[in-house]
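J.: Sequence:
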Amino acid sequence: MDQFNKNKSCLIMYDYTLLWLTLDVATIGLIMVTSASMLLFNQYLMENPFFFTKRGIFYILLTLNISFLIIFSITMNFWQHYKHIILISAMSIFFTVFFIGNSVNGELCWIELTLLRIQSAEITKLLLFCYLSSYLILKSQQLRHNLWGFCKSIA
529 MDQFNKNKSC
539 LIMYDYTLLW
549 LTLDVATIGL
559 IMVTSASMLL
569 FNQYLMENPF
579 FFTKRGIFYI
589 LLTLNISFLI
599 IFSITMNFWQ
609 HYKHIILISA
619 MSIFFTVFFI
629 GNSVNGELCW
639 IELTLLRIQS
649 AEITKLLLFC
659 YLSSYLILKS
669 QQLRHNLWGF
679 CKSIA
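Heads up: the sequence shown begins at 529 in this note's numbering, then just goes up one per residue.
Quick caveat, the hints were computed from the structure, so don't treat them as lab data. Treat the numbers as computed from the prediction; the structure is a model and nothing was measured. Everything hinted at is true.
Derived lysine-lysine pairs resembling DSS-like cross-links, with alpha carbons at most 27 Å apart:
| no. | residue 1 | residue 2 |
| --- | --- | --- |
| 1 | LYS653 | LYS667 |
| 2 | LYS653 | LYS611 |
| 3 | LYS667 | LYS611 |
Start from the sequences and build out the full structure, keeping to the hints where you can.
T.: If you want it as structure tokens, here you go:
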């Protein structure tokens with residue numbers, strides 16, 4: 529019986545709830561894009577009514593592949609060892625938009641790569657979550673006993 533539980537725990541490598549919620553949000557967004565692009569197709573008589581839907585599916589699949597590659601190839605020791613570099617890179621990415629950012633609809637918040645436009649705030653949020661999770665794991669004892677340990681991480 530112990531061997532079955534040991535094998536079962538090895539199979540669970542990620543949070544199923546988080547995965548399904550992420551897929552649900554992506555599906556709802558895809559439905560919204562599809563319904564909006566149908567309006568554009570009817571209004572402007574574009575050639576392909578599913579152009580934006582196909583592009584959205586491509587980006588969702590690309591994002592899932594890259595994220596699974598990153599998640600399963602990087603160990604927890606890496607995140608804990610390089611947490612300060614992650615924090616510095618998050619701040620530097622956030623401030624690069626002031627130097628090489630593009631203006632879209634009057635807002636200077638996009639970094640244009642060859643094929644993609646990326647909002648620096650989104651990358652910064654992801655990297656800050658990685659840093660904060662590493663910090664919270666290291667300071668879990670302080671967090672269980674008082675609120676000040678969490679307030680230090682926010683400051």
